[in-house]
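Each chain is listed here by its residues.
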Amino acid sequence: MKATDLTSSAGLKAGSLLIGLPVFLVFLFDLLSSTGDISPWPAMRLTLFERFRSGALPYSDFFSFDTPAALLLGALPAALHHLLAGLGFLPPLVLVFKLSVFLAVALSLVASLGILCFALETVQAERKRELKPLALGFTFSFLAANYLVRFQFGDLQHLFCLALLPYLFLRACSYMGVRFFGPLSFLLGFLAALAASLDLLFVPVFVICELVLAAVNGKVRFDKALLGVGLGFCLAVASLFALPEASRAAFFQICLPLRLAKLLILDEILAFVKCAPDLRFYLILFGVTLVNGFLLLSRSRLLAPLLSLMIMGLLLFAVEAEGFSSELVVLIFVSAFVFGLNLFQWLSPFIGARLYLPGAILFSCLASYGFYTVHHQALDQSLSVSSELRRNGEPDLGEVLDQHSRIGENVLVVCDFPSAIYPAMLYYDRRQYGYLTTSKPLHLYRVLRQIGPTNMAINNACETIIAKVRRDLDSGKIALLLVHKSPEEEDMRCLGLAFYLDNRFANSGRAYYYSRAEAPREAIGYLTPFHVYLPRTQGGKGK
Amino acid sequence: MKQVLHRAAAVYMWVFLSLSFLVFSLSALQYFLFHPLFIGNDQSVYLAMGQLVLDGLVPYRDFFDFNAPLIIYLSALPAFFSRFLILPVSLVFDFFVYLCFFFSCSLVLATYRQFKGHKDDYVLPFAIAGLTWMQSNQYLDLGQREHFFFLFYLPYLLFRSLRLSDNSQVRRGVVFNMLAVVVGFCALLVHIKPQLLIFFLVVELVTCYKSGALRKEKRKLLLAPEFLTFLIGSLLYFLHFAFYPREAVMNLLNEAIPIYAMGFKWYENSTIACLVSTNSGINTTFLFAASMLFAVVLFTRSALLLPLVAFNGTAFVMFAFFSTNWTYRYLPVQGCSMVLLMIELAILLRLFASGGLPRLALQFLGSPLLFIYALTTFYQYYSAYAATFLAAENVDLRSLGCLGFASTREFSPPLVCILRHSKPGDAILSISQGVAPGYPPVLLAGRRPGSRYLHGMHLPMLDTCLERTGDLKYKRKLDQAVLAYGEDIEKFKPALIFVQDGEIEELLKQRGFFEKFVTGKGYVSLGKLNFEGMKVFKRGTSGEVSGPDEAKAMVLEVLAGKDLSKVAGEHHVPEETLKSWVDKARSGIDLAVGDSSSGGEISLMTELVQTRQKLFGKILEIEKLKQALKNSGKQP
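These protein sequence lines map, in sequence, to chains A and B.
With the working numbering applied, the first sequence covers 1 to 543.
With the working numbering applied, the second sequence covers 1 to 636.
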């Protein structure tokens with residue numbers, strides 16, 4: 001039996017891998033050749049590892065909207081990097097991070113494809129016809145979807161998708177009557193639940209996907225995967241209560257109320273074009289895929305949970321109301337994945353044709369080249385953007401960071417959009433000092449107060465944060481303070497921090513985060529400058 | 001006997017359902033009865049264009065717009081009726097839209113009657129409920145192009161989907177075919193905007209593919225009367241452009257469409273703002289997600305779900321593509337999601353309450369309960385609107401040449417200004433970056449447009465074109481547009497000219513508009529309107545324009561001791577507005593003669609910062625003294 005005989009199970013696997021090979025190679029090449037770029041939120045979690053090492057407690061010593069699971073998982077590659085450094089290996093931290101995520105991608109791919117192929121061997125002929133095109137297009141679609149979210153690689157939503165996909169396939173096949181190896185089901189369920197606990201909003205997404213599966217099949221099927229899910233969620237809840245007392249209190253009294261209050265609050269500054277990333281292309285992809293998916297839903301019910309996940313992806317983006325592509329990863333990932341699968345479903349009548357496989361491989365090569373070109377254009381543009389947009393010779397944020405602070409020094413960047421702070425802090429090896437890992441809470445408090453009277457929990461949480469920021473500004477330990485002029489500096493001044501800003505620091509000019517608000521260099525708000533503040537010496541001037 | 005009982009039960013249920021439908025529909029209509037001057041901006045400008053068409057003017061030659069002409073023809077209907085009725089044109093328009101809504105519902109009902117026995121017939125009354133739900137949510141967007149499109153296209157979509165999925169029998173009959181022709185004719189409203197044709201094509205393709213109508217044996221279904229009517233109607237519609245003057249067609253093809261395509265970016269919003277920047281946007285996004293989620297689950301239960309899902313998906317794509325957070329652009333998504341949700345409810349009820357006790361409970365308790373709920377909703381709306389109406393100062397609409405009363409709140413400052421400074425039949429020119437604030441006031445006041453450009457949207461759009469392409473032809477077009485304004489001022493001699501500050505004023509200023517065509521042509525400034533940055537110029541010599549700015553005069557009257565409500569009533573200005581002017585004036589006087597050197601929050605902030613700095617200086621001095629004491633060996 002030839003390996004490329006697409007009617008056999010082995011041939012199907014080989015065919016699927018062959019079709020996906022070009023994307024895989026491009027993906028790997030991209031990963032190893034551009035080792036520097038990393039998306040902002042994972043960069044933040046990596047930098048927080050240093051805070052953990054220095055004994056800082058999460059939530060009480062530094063602010064985060066993340067759950068403990070997300071913080072720990074995010075810092076894991078940094079811990080691994082530290083361990084490798086201890087053993088004498090010194091790979092770049094970003095590379096360690098990327099390889100870790102790539103490993104997760106590979107595991108997710110192997111698990112999902114394995115589940116599909118196992119199901120293909122066991123189901124009836126009618127179901128086989130349903131699953132075959134999906135299995136054939138799986139590797140390509142999966143890797144293409146991963147590559148499409150390249151600039152959000154390793155972000156929480158990406159990790160959630162990676163863990164959820166094999167689980168959904170497992171459950172959907174299980175509803176078809178396929179029985180899987182118990183421990184594997186358990187493990188996948190456990191991992192999916194852990195991934196769902198990376199963010200509060202992932203839990204309802206997970207539950208809805210499970211409900212959709214049950215509703216589509218008209219029954220609830222219990223298997224070992226659900227046991228794993230139960231244990232995963234229990235562990236996630238336990239991790240909250242295992243936090244040190246101060247951290248737990250801060251989580252429940254500061255971070256959680258603000259996390260919930262943040263939902264659906266749209267900053268009015270985001271209403272204007274260029275003030276938040278233009279992501280309409282992804283919404284168009286989503287709409288087209290949705291219609292296409294519905295058209296093919298009767299051919300394969302396996303699409304049902306994927307379509308529901310896609311729709312929930314839209315809701316996640318809407319509910320977060322921040323406008324960054326990091327909130328759109330679920331939608332982008334699943335839309336691209338389903339779109340790829342649909343493509344192979346449409347082509348299923350030609351599976352037996354001689355030119356099917358070469359044609360599919362050629363298509364995959366062209367698509368991979370297209371993805372690579374588009375992403376590298378975006379990367380090049382993001383690198384050259386500051387020279388194009390430079391205003392009156394005023395420096396880029398990175399240059400200021402480099403000029404006015406030294407490696408390992410404490411820097412406080414007060415800014416709402418993470419991409420201005422984080423990869424830069426990581427590249428220049430500076431420490432984000434103090435409580436504010438992002439200035440979002442300050443702005444949120446101001447916006448909430450403008451909308452209406454805030455409740456006691458929010459007031460207390462914000463007053464605590466303001467007190468902590470005041471202490472940080474007064475500590476004399478900040479080597480460089482960069483404050484985005486609008487709205488962040490206005491927030492600070494409105495919330496009683498003006499005194500410390502004016503008297504502890506001296507304004508030493510302006511810098512810009514030059515951006516067109518496109519990934520990987522996203523920004524919000526008008527292109528307003530950052531004010532560069534240097535600590536005052538006793539004479540009252542900057543150093 | 002059993003049959004009679006069944007019939008009686010059906011009549012019992014239908015009576016309550018029909019009454020509920022009526023009451024729900026009228027709940028929202030009350031709003032317009034209590035607010036007779038309320039009309040959306042775009043709707044008002046199309047009504048004005050409709051009036052111009054009735055006067056014999058040719059679109060794109062005698063007046064300019066970016067849209068296809070169908071909406072202008074449609075708006076000519078209420079404009080025509082309003083000539084015979086002594087009601088505000090806005091109210092006539094509202095009645096007209098409601099008439100369209102009832103017509104659309106009747107078509108769905110007729111489709112239900114004609115497709116009785118089809119396995120999906122039971123969902124159609126729920127589709128009417130969805131349509132009513134959508135209608136009762138339309139206030140500002142009532143009568144927008146997307147609203148008309150949805151009202152008129154939905155019956156076609158339902159009829160067509162049912163026909164194509166009808167395997168049991170080929171339905172015939174005069175009434176059936178007449179209905180097919182009518183729904184096909186109504187579907188012509190997809191030409192109200194060029195991009196809406198995409199909806200038609202996608203839904204048609206999806207429905208035909210799913211029903212197998214693309215296969216040879218069912219291909220004759222493709223050319224059913226409803227489709228043929230649409231096809232012939234569309235051909236005639238496109239052919240009618242051949243009767244347009246050449247100049248008008250050239251303007252449409254060479255000016256309106258290219259400028260819109262290139263310059264629309266000026267109005268775009270960020271992606272997230274499109275989805276959640278308004279409450280209506282948030283609701284629609286959630287409704288869309290919910291309706292699609294239920295559709296995933298119930299997908300196989302009804303042949304109507306796929307066409308509606310295709311419509312909804314296309315609507316979402318179009319909304320994302322144009323990327324503006326204008327609520328009417330999201331209306332097709334909102335409407336379709338509501339209809340889908342109601343149909344999904346029908347399917348769920350069928351699944352879980354199709355027989356026995358639940359069915360009986362639904363029939364005998366559900367329908368009267370729904371009616372009670374409808375009455376309660378109606379009363380809630382009524383009491384809220386009535387209370388607001390009674391609490392406000394009302395103006396007799398005879399000043400606008402109509403019957404009825406309206407709250408002073410409905411008299412926007414431009415409307416008050418127009419009524420005060422011009423007479424019926426005068427021309428008014430408004431140049432702003434949107435249709436508002438010139439429209440609806442010019443329409444409501446019964447004045448003529450003072451230029452071929454009823455709004456100034458083309459100016460920022462041309463500027464955007466110039467910025468994006470650097471092509472100097474856009475600069476020339478911009479110059480020509482300003483010159484055209486000048487020509488129109490010469491020709492129509494508008495009594496008032498409104499100009500919006502900001503980008504519009506800048507663009508006009510750069511081209512010497514004010515010196516050449518405004519102040520140079522005998523217009524004097526009436527000052528700023530305190531509304532959307534509008535500046536007002538009045539035709540006539542300075543001697544003819546009485547006294548200082550009207551607002552100032554009113555404030556002075558109140559400060560001199562005259563009763564505020566009386567002054568507001570005399571000048572048709574909302575009391576709240578006048579009160580806020582008076583308050584500002586009072587605080588201005590306080591600041592001017594008070595103790596504070598410069599006054600206000602800013603000065604307080606400055607004082608605070610200075611005090612803080614002084615305090616900080618003192619702290620440093622104390623620290624220094626402490627240090628000095630320590631150095632000298634003494635205890636601080």
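Quick caveat, the hints were computed from the structure, so don't treat them as lab data.
Please note that the accuracy of each hint is not assured.
Stated by the list, open to error - Chain A regions said to be covered by chain B (calculated; three or more residues, Cβ under 8 Å): (1) 96-106; (2) 206-218; (3) 315-325; (4) 380-387; (5) 440-446.
Claimed, not checked - Quick list of in silico lysine-lysine cross-link-like pairs, DSSO-like style, CA-CA up to 30 Å: (6) Lys468/A with Lys618/B; (7) Lys626/B with Lys477/A; (8) Lys509/B with Lys535/B.
What the hints assert, rightly or not - Sample of chain A residues facing chain B (criterion: CB under 7 Å; computed from the structure): (9) Phe181; (10) Leu263; (11) Leu296; (12) Ser508.
The C-beta atom is built at its ideal place from N, Cα and C for all residues, glycine as well.
Results for each hint:
Given as covered by chain B, the segment 96-106 of chain A fails the check, having 0 residues with a CB less than 8 Å from a CB of that chain where 3 are the minimum. Counting residues of the segment 206-218 of chain A whose beta-carbon sits less than 8 Å from any beta-carbon of chain B gives 4, enough to reach three: the coverage restraint holds. Counting residues of the segment 315-325 of chain A whose beta-carbon sits less than 8 Å from any beta-carbon of chain B gives 6, enough to reach three: the coverage restraint holds. Note: the segment 380-387 of chain A has 0 residues with beta-carbon separation from chain B under 8 Å; the three-residue rule is not met and the coverage is violated.
Only residues whose C-beta sits within less than 8 Å of a C-beta in chain B count toward coverage, and the segment 440-446 of chain A has 0 of them, not enough to reach three; the restraint is violated. Annotation: proposed proximity of lysine 468/A to lysine 618/B holds, straight-line Cα distance about 25 Å (limit 30 Å). Using a Cα cut-off of 30 Å, the hinted pair lysine 626/B and lysine 477/A holds, with the two alpha carbons roughly 23 Å apart. At most 30 Å may separate the alpha-carbon atoms for a hinted pair to count; lysine 509/B and lysine 535/B meet this at roughly 13 Å.
For phenylalanine 181/A, the shortest C-beta to C-beta distance to chain B is roughly 29 Å, which exceeds 7 Å, and the interface hint is violated. Taking 7 Å as the C-beta cut-off, the interface hint given for leucine 263/A is violated, the closest approach to chain B being about 10 Å. Given hint, leucine 296/A at the interface with chain B, is violated; its Cβ is 11 Å from that chain's nearest Cβ, farther than 7 Å. Annotation: interface hint on serine 508/A violated; nearest CB of chain B at approximately 18 Å, more than 7 Å.
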